[in-house]
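These protein sequence lines map, in sequence, to chains Z and P.
Residue 0 is where the first sequence starts when you use numbering that gives the first Met the number 0, and the numbers rise one by one after that.
Residue 0 is where the second sequence starts when you use numbering that gives the first Met the number 0, and the numbers rise one by one after that.
Keep in mind that the hints were calculated from the coordinates and are not lab data.
Be aware that a few hints might be false.
As the list claims (entries may be wrong) - Below, a list of computed lysine to aspartate or glutamate pairs in the EDC-like style, where the Cα atoms sit at most 20 angstroms apart:
{"#": "1", "chain 1": "P", "residue 1": "K321", "chain 2": "Z", "residue 2": "D139"}
{"#": "2", "chain 1": "P", "residue 1": "K453", "chain 2": "Z", "residue 2": "D299"}
{"#": "3", "chain 1": "P", "residue 1": "K453", "chain 2": "Z", "residue 2": "E273"}
{"#": "4", "chain 1": "P", "residue 1": "K149", "chain 2": "P", "residue 2": "D138"}
{"#": "5", "chain 1": "Z", "residue 1": "K312", "chain 2": "P", "residue 2": "D440"}
{"#": "6", "chain 1": "P", "residue 1": "K441", "chain 2": "Z", "residue 2": "D303"}
{"#": "7", "chain 1": "Z", "residue 1": "K106", "chain 2": "Z", "residue 2": "D139"}
What the hints assert, rightly or not - Covered stretches of chain Z (chain P as the covering partner; in silico rule of three or more C-beta atoms under 8 angstroms from a C-beta of chain P):
{"#": "8", "segment": "52-59"}
{"#": "9", "segment": "305-312"}
{"#": "10", "segment": "329-338"}
{"#": "11", "segment": "429-443"}
Virtual Cβ for every residue (Gly too), placed ideally from N, Cα, C.
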Amino acid sequence: MAKVTIGKKACAVNPLKMSQPIGGSFAFLGLRGAMPLLHGSQGCTSFGLTLFVRHFKEAVPMQTTAMSEVATVLGGYENVEQAILNIHKRQKPEIIGICSTGVTETKGDDVDGYIRLIREKHPELANYPLVYVSTPDFKDAFQDGWEKTVAKMVEVLVDKPTSTRRDPVRVNVLPGCHLTPGDIEELRTIFEDFGLEPSFLPDIGGSLDGHIPDEFTPTTIGGIGLEEIAVMGSASWTIAIGAQMKRAAEAMQAKTGVPYRLFERLCGLLPNDEFMTFLSEISGRPVPAKYRRQRGQLADAMLDAHFHIGGRKLAIGAEPDLLFDVAGMLHDMGAEISVAITTTQSPVLERMPCEEVLIGDLEDLETLARERDCGLMMTHSHGRQAAARLKIPFYRIGFPMFDRLGAGHLLTVGYRGTRDLIFALANLVIADREDNHQPTPDTWLDPWKDFQQASTDPAVVAPLH
Amino acid sequence: MSSLSATIQNVFNEPGCGKNANKSEAERKKGCTKQLQPGGAAGGCAFDGAKVALQPLTDVAHLVHGPIACEGNSWDNRGAASSGSQIWRTGFTTDINETDVVFGGEKRLYKAIKEIIEKYDPPAVFVYQTCVPAMTGDDINAVCKAASAKFGKPCIPVNSPGFVGPKNLGNKLAGEALLDHVIGTVEPEVTTPYDLNIIGEYNLSGELWQVKPLFDELGIRISACISGDGRYKDVASSHRARAAMMVCSKAMINVARKMEERYGIPFFEGSFYGIQDSSDSLREIARLLVERGAPADLLDRTEAVIAREEAKAWAAIEPFKKRLTGKKVLLITGGVKSWSVVAALQEAGMELVGTSVKKSTKEDKERIKELMGQDAHMIDDMAPREMYKMLKDAKADIMLSGGKSQFVALKAAMPWLDINQERSHAFMGYIGMVKLVAEIDKAIYNPMWEQLRKRAPWETASNNWQAKAIAQANAEAAALAADPVAAEAARRAKKICHCKSVDLGTIEDAIKTHGLTDVAGVRTHTNASGGCGACAGRVEDILAAQKAPTAPLLQAAE
Chain Z
0 MAKVTIGKKA CAVNPLKMSQ PIGGSFAFLG LRGAMPLLHG SQGCTSFGLT LFVRHFKEAV
60 PMQTTAMSEV ATVLGGYENV EQAILNIHKR QKPEIIGICS TGVTETKGDD VDGYIRLIRE
120 KHPELANYPL VYVSTPDFKD AFQDGWEKTV AKMVEVLVDK PTSTRRDPVR VNVLPGCHLT
180 PGDIEELRTI FEDFGLEPSF LPDIGGSLDG HIPDEFTPTT IGGIGLEEIA VMGSASWTIA
240 IGAQMKRAAE AMQAKTGVPY RLFERLCGLL PNDEFMTFLS EISGRPVPAK YRRQRGQLAD
300 AMLDAHFHIG GRKLAIGAEP DLLFDVAGML HDMGAEISVA ITTTQSPVLE RMPCEEVLIG
360 DLEDLETLAR ERDCGLMMTH SHGRQAAARL KIPFYRIGFP MFDRLGAGHL LTVGYRGTRD
420 LIFALANLVI ADREDNHQPT PDTWLDPWKD FQQASTDPAV VAPLH
Chain P
0 MSSLSATIQN VFNEPGCGKN ANKSEAERKK GCTKQLQPGG AAGGCAFDGA KVALQPLTDV
60 AHLVHGPIAC EGNSWDNRGA ASSGSQIWRT GFTTDINETD VVFGGEKRLY KAIKEIIEKY
120 DPPAVFVYQT CVPAMTGDDI NAVCKAASAK FGKPCIPVNS PGFVGPKNLG NKLAGEALLD
180 HVIGTVEPEV TTPYDLNIIG EYNLSGELWQ VKPLFDELGI RISACISGDG RYKDVASSHR
240 ARAAMMVCSK AMINVARKME ERYGIPFFEG SFYGIQDSSD SLREIARLLV ERGAPADLLD
300 RTEAVIAREE AKAWAAIEPF KKRLTGKKVL LITGGVKSWS VVAALQEAGM ELVGTSVKKS
360 TKEDKERIKE LMGQDAHMID DMAPREMYKM LKDAKADIML SGGKSQFVAL KAAMPWLDIN
420 QERSHAFMGY IGMVKLVAEI DKAIYNPMWE QLRKRAPWET ASNNWQAKAI AQANAEAAAL
480 AADPVAAEAA RRAKKICHCK SVDLGTIEDA IKTHGLTDVA GVRTHTNASG GCGACAGRVE
540 DILAAQKAPT APLLQAAE
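Bound-form chain Z, shown alone (with noise of 0.2 angstroms):
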């Protein structure tokens, strides 16, 4: 049980947190055919561009209202309409996705209004696809703007189902953000052993993993398209991963009755085995021996290395889903969680292995990391200068990764994918005792300062045998 605490700096110092329309855009480049449209100055899109394209080294569509001085403070109606039209023309995505800013918030722009206006005013736009999500920058986090963008989709694409009749073999997932397309992989290859239909909402599996396409588009690459996300409602489960994609579920059983399951955590021995059973339940199949056999690799893993992760202080920084499943699964190997911030709210966050969570930033963690000696840091790559400040081995998780490659195939979920982690996190803390903390003659010149003195006078504590 964690208390979860807010950071009362006025100044937040290297932060941790991306911002939510960017978590926003994120999920509409899980969508087939899609542009994602960022209502505000253009440096709000052309950041989070960066991003993903530093991130995932791949070309990223997306657009821009490109709000002016003067049409800020007029209203962007004619902004948005300008860019609806041109992006419908010019690109021709199958679907634009909308996501507000903080500039457009605070002027209050009316988006959904301006879409019903501007399906009136074109009528060649009238069913066209329009999703917007208020996703104001002051508010919230990268998380939680894939939290409500993903809910929103449910909202507005998902068909009203005819019938009742369920397909038994078809079911929704509702992947959280801080799956990695590599783990959206993983789990597609899961259901499909057990000989399960997935749709996944969004899928950055197919549009974000690296692939070389056989054309040009200057939409998305791949992803779920809209047929699909139509007809969820015929499915026989939702499937939900991470606590935030929670209100995307409840969006799907309010519009289609389709039933859902909520799985906090993936990452680690027992949530997988609770995944398994589930699937086997639902498919009526047995667990696939491919996955007894993971299932024994990963408890071998952990055995082989419970003895370099085990007792080490870790200091983590990462959005709350992701925090709760890698903090979770290295406290189950015996880590132990000294620093854990995080960048927003999450039910999941007083249930943390730890005393306590900050909602904080960088600055955060380098102190605190200090402060209570850490000897591993996880945290996105805005995190490489502390742990060189502080000469402790450091891990990239969560978003954004530009400093290394294949950011888009890191695995967390499966038993293969958290065996590939603890074998990641093991080796790191191998090469940082074989690089820095050789012995020396000198090591043990003052031994005993790491260790709890009741008494070191003689006379008082005598052996006791």
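Given the coordinates of chain Z, work out where chain P should sit on it, guided by the hints.
Leaving out everything else, chain P in the frame of chain Z:
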């Protein structure tokens, strides 16, 4: 090879070893190590033993003369630490090929030495003989002699090809190489009355440095450590030390004893594993040095350091007591370590439910009994399934052992800690014992175990491997319980002498039939203890049991 076999005979005749001194002439000839059993040998070879014993000499180039297997498969695999040169971690081998096998590899060896000296310029080159060149007759002594003369650099032949015996013989042959070619070849620049040799200490994980600050404080100078973090020159001039401590049980006893014989350096056998042992060793070192002329105040200064360090260690262990009291430990390891850590574990409130006596000598066993009481549960050559059953029956909360038996504990989802040479933690001296307790605490309280003990979702209580192993063991036990004849047969079938493959029944029958009263008699009639002699103790126990069936059995419990 006659000189090699003479050397081997020579190391078998080890008056410094109590076990060896008690043997008959004929027995001694057979050597002090278990004969290797085809299909049943797991340990390393003599080459391995020689290499691990000498490799921690850090500034020396260790050149392995042989095919790639010997060095290629084994280099840089030890956790010894160096405070200086890293050349000892460089893998040098002649990597001999077919041509060398047919025409001899001496030229290649000579060239290899030349290249090493030209490129790396170490103070010495140690040349290790291996099986193949030993068979083809490469004379490494001659090559080393020629190379030493030509390059003006000591080239030391280490004659310990793998096939001459097991690892611990190799340890001793390594010692012989030092005695013959290194020790006493250089005069030290300075000597003090506080000069001490440490023999058989390998500085694994740098643990010598857990003790060295205490030496420094007392003014005791390590003139040479053989071989952990050792330097060639220090070892070469170590014959001027005043006293010696022999650390790792009997592995290098020949070095300690012959240095006493040749240079008058008295030695004692001690250990820095365990708090009491550390204090005893410091006291003994001070006593020997004072006896050899060091100022007598060393004794008092040593006592003061001991009192202070013990107090600090016990105080540091104290906070763990709450968490560890009543926790049960199964200790499976060789020799000296079995008993040396027992006291500290008990001090932290832990209970020892068993300890292996696999490599321990009879005195080790006696010490265990002393510390643990008569009901010490000593496990002799425990089979993995039995080890598992023992852990499983919740008799143990943690197992401490060497790397090879770890998987039994780990696969049974039981905490385990490495206390043998592959470990990455340093456990020597006062601080080391506290670290050991801290590591045990960390391992036992890792929340992972609870998760790992849960069954996989698709497993039922009866179809996992653990259940099967227990069921099998129980079925066997039940079958025996139901069938006294079979039980007796099983009891009698227990192998007592592994070398000559003699079981308990045969020995008991011989004792009864011939009215035998001593080990020699049993040997004459059954061949038991006619091999390595390690089972003589067990035979004595059987004799005692036959004589007075009510006397408590010393024998390893089942």
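Verification of the hints:
no.: 1; hint: P/K321 / Z/D139; verdict: violated, 45 angstroms
no.: 2; hint: P/K453 / Z/D299; verdict: holds, 14 angstroms
no.: 3; hint: P/K453 / Z/E273; verdict: holds, 12 angstroms
no.: 4; hint: P/K149 / P/D138; verdict: holds, 17 angstroms
no.: 5; hint: Z/K312 / P/D440; verdict: holds, 16 angstroms
no.: 6; hint: P/K441 / Z/D303; verdict: holds, 15 angstroms
no.: 7; hint: Z/K106 / Z/D139; verdict: holds, 18 angstroms
no.: 8; hint: 52-59; verdict: violated (count 0)
no.: 9; hint: 305-312; verdict: holds (count 4)
no.: 10; hint: 329-338; verdict: holds (count 4)
no.: 11; hint: 429-443; verdict: holds (count 8)
Checked against the numbered hints given earlier, this structure breaks hints 1, 8; the rest are met.
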